[in-house]
Amino acid sequence: MNILVVGSGGREHALCWAITRSPRCAKLYCAPGNAGIADVGECVDIAADDIDALVSFARSHKIDLVVIGPEDPLVLGLADRLEALGIAAFGPSAAAARLEGSKAFMKDFLSKYEIPTARYDRFDEPDEAKEYIMRHGAPIVIKTDGLAAGKGVILCHNVNEAYAAIDHMMTERVFGAAGDTVLIEEFLEGEEASFFALVDGVHAVPLASAQDHKAAFDGDTGPNTGGMGAYSPAPVVDAAMQQRIMDTIITPAVQGMAKEGHPFKGVLFAGIMITEDGPKLLEFNVRFGDPECQVLMARLHSDALDMLEACAKGTLDKVLLRWREESALVVVMATKGYPGRYEKGGEIKDLKAAAHHPGVVVFHAGTKLDGDRVLVNGGRVLGVTALGKTVKEAQVRAYEAVDSIDWPEGFCRRDIGWRAIAREANVRKTKSAAKTTVKQS
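Those letters in the sequence shown? Residues 1 to 441, per UniProt numbering, in order.
It is possible that some hints are incorrect.
For lysine-lysine, the following BS3-like pairs were computed, each having C-alpha atoms within a straight-line distance of at most 27 Å [said to hold, decoys possible]: (1) Lys352 - Lys392; (2) Lys336 - Lys62; (3) Lys392 - Lys214; (4) Lys368 - Lys151.
Hints listed in this document are in silico derivations from the structure and should not be mistaken for laboratory results. Owing to the predicted nature of the structure, the values given are computational and were not obtained by experimental measurement.
Work the whole structure out from these sequences, hints included.
Laid out in structure tokens, this is it:
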């Protein structure tokens with residue numbers, strides 16, 4: 001098969017890396033790609049949101065399957081255009097992509113199909129939003145209705161922070177038209193997890209569990225980012241919790257979209273808060289998460305191409321997913337200043353040395369080539385991913401590889417995976433105590 005992957009981030013590099021391991025992949029293109037993707041496929045200078053050019057390329061190069069990575073081309077209808085020409089596409093239609101493209105649509109959909117989520121209200125005027133905040137107090141969560149590159153969610157600990165968030169979104173219009181309408185939600189307490197399910201319009205199959213770190217700095221402090229690291233599996237999502245999420249969130253959503261006349265195809269990414277009352281949906285995304293995709297692809301033992309094609313062609317019930325027993329962990333290296341202002345153009349050295357560490361793959365995100373040099377071309381730049389028998393072992397390997405990279409302008413969190421590692425330590429203590437008790441008996 002001839003494959004075109006759309007996008008240029010770490011998610012797309014991970015997908016390209018997994019697809020090229022399939023014996024059925026004859027030729028892989030990526031538009032626009034990055035420096036790392038150039039090692040596994042042919043990069044094409046077409047922007048991910050240039051729908052006309054992407055469709056034209058797919059036709060002229062006899063592409064058999066287009067794997068759409070980012071949300072923007074999905075919301076713009078790339079999958080619709082391709083399927084109208086008989087070209088299979090991994091990703092939902094524009095109508096189904098509204099689950100991510102409009103948070104207001106998503107929340108109304110959740111209410112209609114009784115999918116558990118936080119209480120909310122929506123506002124088109126900043127004064128009305130501030131009046132609501134004054135009545136309800138804080139903590140609360142304020143979200144842009146439209147797409148904001150993963151940054152349109154602000155957790156407000158007090159009323160003044162909430163007022164500032166409204167000004168930021170609606171008056172200063174930092175996120176453009178995405179913030180013309182905002183949602184204000186109740187603050188949910190619990191532990192957050194990322195849940196992914198493959199969907200072919202009818203069938204839904206859960207993927208391995210994962211958990212990411214959104215905050216920029218150690219201890220889950222600082223501003224929200226697109227994701228500073230992730231690990232899989234996520235201990236908080238055991239087999240019983242997985243089934244509960246499927247029964248109360250994923251299956252009702254898939255059935256609901258079919259009833260609405262917009263069957264969902266692709267991967268449905270549910271941001272879940274595990275509360276005392278059970279799992280509640282924070283938001284839907286209609287594509288793989290980044291950096292969760294990196295750890296999922298690292299653990300995937302099945303043929304990735306078979307999996308993606310089955311979603312596009314409605315044959316997911318014939319695919320059996322298998323996963324490596326090892327844990328995977330990714331540390332995102334970002335440019336200093338991210339998620340605020342940052343400089344591009346710096347050189348990154350010793351990437352090959354990092355990749356030579358056992359069980360390590362370095363996925364590229366914001367990079368570009370300048371001859372033989374790898375240059376910075378974004379905020380989140382690298383995803384140093386490692387496998388290990390435990391999350392702790394994967395963490396140690398990942399940070400050893402991080403420390404091999406020569407990039408003075410880069411930074412990363414040093415505590416990725418801390419929740420899972422703490423759980424692993426508790427399990428070891430419990431087992432040790434149990435053995436001691438048995439010996440004493």
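Hints violated by the structure (numbers, ascending): Of the numbered hints, just 2 does not hold.
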